[in-house]
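> Chains as they are written, first to last, in the working numbering: chain A, 1 to 154; chain B, 1 to 154; chain C, 1 to 154.
These aren't lab readings, by the way, just hints derived from the structure by calculation. All figures in this text were calculated on a predicted structure; none of them were measured in a lab. Virtual Cβ for every residue (Gly too), placed ideally from N, Cα, C. Certain hints may be false.
[Claimed, not checked] In the DSS-like style, the derived pairs of lysine-lysine whose C-alpha atoms are separated by at most 27 angstroms in a straight line are: (1) K68/A <-> K47/A; (2) K153/C <-> K87/B; (3) K87/C <-> K153/B; (4) K109/C <-> K153/B; (5) K87/A <-> K68/A; (6) K87/A <-> K109/C; (7) K47/B <-> K109/A; (8) K68/A <-> K153/A; (9) K153/A <-> K87/B; (10) K109/B <-> K153/A; (11) K153/A <-> K153/C; (12) K153/A <-> K109/A; (13) K109/C <-> K109/B; (14) K109/C <-> K47/A; (15) K109/B <-> K153/B; (16) K153/A <-> K47/A; (17) K68/C <-> K153/C; (18) K68/B <-> K87/B; (19) K47/B <-> K68/B; (20) K153/B <-> K68/B; (21) K87/A <-> K153/B; (22) K47/C <-> K109/C; (23) K47/C <-> K68/C; (24) K87/C <-> K153/A.
[Stated by the list, open to error] To give an idea of the chain B side of the interface with chain A (calculated C-beta under 7 angstroms), a few residues: (25) V2; (26) L22; (27) S24; (28) Y25; (29) C28; (30) I105; (31) H125.
[Stated by the list, open to error] One-sided and incomplete, this derived list gives chain B residues near chain A with beta-carbon spacing under 10 angstroms: (32) A18; (33) A20; (34) A21; (35) G23; (36) V26; (37) G32; (38) L43; (39) K47; (40) I49.
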Amino acid sequence: MVPPEERLRELGITLPEAPAALGSYVPCVQTGNLLFLSGMLPLREGKLIRTGRLGESVSVSDAQEDAKQVVKNALSIVRAHLGSLDKVTRCVKLSGYVASAPDFIDQPKVLNAASELLRDIFGDHGRHARVAAGVPVLPLNAPLEIDFIFEIKE
Amino acid sequence: MVPPEERLRELGITLPEAPAALGSYVPCVQTGNLLFLSGMLPLREGKLIRTGRLGESVSVSDAQEDAKQVVKNALSIVRAHLGSLDKVTRCVKLSGYVASAPDFIDQPKVLNAASELLRDIFGDHGRHARVAAGVPVLPLNAPLEIDFIFEIKE
Amino acid sequence: MVPPEERLRELGITLPEAPAALGSYVPCVQTGNLLFLSGMLPLREGKLIRTGRLGESVSVSDAQEDAKQVVKNALSIVRAHLGSLDKVTRCVKLSGYVASAPDFIDQPKVLNAASELLRDIFGDHGRHARVAAGVPVLPLNAPLEIDFIFEIKE
């Protein structure tokens, strides 16, 4: 396995500043060798890239861009907590909430963009369990939100 | 406790083939002695038994049948991963997402069918924590989706 | 850190009776040093304080009261399981589902009431990861539901 920090450089990905929490909570909590992240929104420089629902104003390809931003935000939080992504031993699980019109059923297509980016960065250790659900609305009117569980070196 | 594999035979339950993931993820991930499953849909031979929402086209008894199918699919994944259900030490948690018309509030009745099947199979070790939420829409227009956490022998 | 049981007394908070599960599941399951709680509703003496959705019949301040009740119910379950809240080493994660009209986007404001109460009781050990999502409807037509993961002394 190529170390994830090296792999990020190969892919030309620069992680953003770790985003602040939107309320009275913290971005992540470690218990044993599990790291639970808070729900991450597609914020870029403190603002949502776009707002709205899939099946209405937000297209699948737009939301896939959002999903990649969510992964970058998540990894920036993991790096801020651990010092380096190389201390991640695997990605355990993603829970993806997609703001959806009542007839939008392609939540997996949207979330695949996040899953594939994790696999690109972590290789086989990036393969994770996943749950995908449509929701009517999310904080700040975000198109999607993802929370993550990572396994890390203790 | 009757071993779960023996109990399955007593109940006359045959598990299906483990269903494939619907995207760029894997059916389950083990970390320590916890097994996190992906969100499971009521697929039977690769197709949803039915589509739609509770409180509209899908009845509670239909959705209870779906919930049992979801449990069978989940157990087929656990068996494929562990070799035998007898390595499960307990069912920890179910998160159930039920596609719901805005006035449908009987999500617990639907999920009870899943919870009771787990108790029939695992006895006291099948007793689990549970969360139930209504959602507007799920992947493939499924009536429900459940994700699971199991505790297993390391 | 002031022990949480002492802190509860300082704050003048009396925990209710631990609420019963609304179906074929149990209020919490311990695995290792993690305690997974079931989704908690704002029940008081067995009844919801109110029903309905945020952005419709339920105001943010009403729902904040509900969120505090949910925390008290959750802590009553933790105490019933462990004997004392002093065995909690930290609050790991909250997942908050807020019944929301399609244009209600202040789920974090509602959940902050829960997060802040945990911090008041557990101090720095009450700081947790959090996910917030809007949903169309919840069991019993509750305005919100929260599930919790606590880390405890083994």
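> For each hint, tell me whether it holds in the structure or not.
So, going through the hints one by one against the coordinates:
1. K68/A <-> K47/A: Between K68/A and K47/A the Cα gap is close to 15 angstroms, so the pair holds against 27 angstroms.
2. K153/C <-> K87/B: holds (25 angstroms)
3. K87/C <-> K153/B: Status holds; Cα separation ~25 angstroms.
4. K109/C <-> K153/B: violated (41 angstroms)
5. K87/A <-> K68/A: holds (21 angstroms)
6. K87/A <-> K109/C: Since the Cα atoms of K87/A and K109/C sit roughly 34 angstroms apart, the hinted pair is violated (cutoff 27 angstroms).
7. K47/B <-> K109/A: Given pair K47/B, K109/A holds - Cα atoms ~18 angstroms apart, limit 27 angstroms.
8. K68/A <-> K153/A: holds (25 angstroms)
9. K153/A <-> K87/B: holds (25 angstroms)
10. K109/B <-> K153/A: violated (41 angstroms)
11. K153/A <-> K153/C: holds (21 angstroms)
12. K153/A <-> K109/A: Not OK: K153/A and K109/A at ~31 angstroms, beyond 27 angstroms, violated.
13. K109/C <-> K109/B: Between K109/C and K109/B the Cα gap is close to 31 angstroms, so the pair fails against 27 angstroms, i.e. violated.
14. K109/C <-> K47/A: holds (18 angstroms)
15. K109/B <-> K153/B: Violated - the C-alpha atoms of K153/B and K109/B are around 31 angstroms apart, more than 27 angstroms.
16. K153/A <-> K47/A: Between K153/A and K47/A the Cα gap is close to 32 angstroms, so the pair fails against 27 angstroms, i.e. violated.
17. K68/C <-> K153/C: Answer holds: K68/C to K153/C is near 25 angstroms, not above 27 angstroms.
18. K68/B <-> K87/B: Between K68/B and K87/B the Cα gap is close to 21 angstroms, so the pair holds against 27 angstroms.
19. K47/B <-> K68/B: holds (15 angstroms)
20. K153/B <-> K68/B: holds (25 angstroms)
21. K87/A <-> K153/B: Status holds; Cα separation ~25 angstroms.
22. K47/C <-> K109/C: Holds, at about 24 angstroms.
23. K47/C <-> K68/C: holds (15 angstroms)
24. K87/C <-> K153/A: Measuring from Cα to Cα gives roughly 25 angstroms; hence the hint holds.
25. V2: The hint is violated - V2/B has no Cβ within 7 angstroms of chain A, the shortest such distance being about 28 angstroms.
26. L22: With a closest approach of 5 angstroms, the L22/B hint holds.
27. S24: This interface hint holds because 4 angstroms falls under the 7 angstroms limit.
28. Y25: Holds, about 4 angstroms.
29. C28: holds (6 angstroms)
30. I105: Violated, because the Cβ-Cβ distance from I105/B to chain A comes to roughly 16 angstroms (cut-off 7 angstroms).
31. H125: With a minimum Cβ separation of about 21 angstroms from chain A (threshold 7 angstroms), the hint on H125/B is violated.
32. A18: violated (13 angstroms)
33. A20: violated (12 angstroms)
34. A21: holds (8 angstroms)
35. G23: Hint on G23/B: holds, closest Cβ of chain A at ~4 angstroms, below 10 angstroms.
36. V26: With a minimum Cβ separation of about 5 angstroms from chain A (threshold 10 angstroms), the hint on V26/B holds.
37. G32: holds (7 angstroms)
38. L43: violated (13 angstroms)
39. K47: Hint violated; K47/B Cβ to chain A Cβ min 14 angstroms, cut 10 angstroms.
40. I49: violated (16 angstroms)
Consistency note: the structure conflicts with the earlier hints numbered 4, 6, 10, 12, 13, 15, 16, 25, 30, 31, 32, 33, 38, 39, 40.
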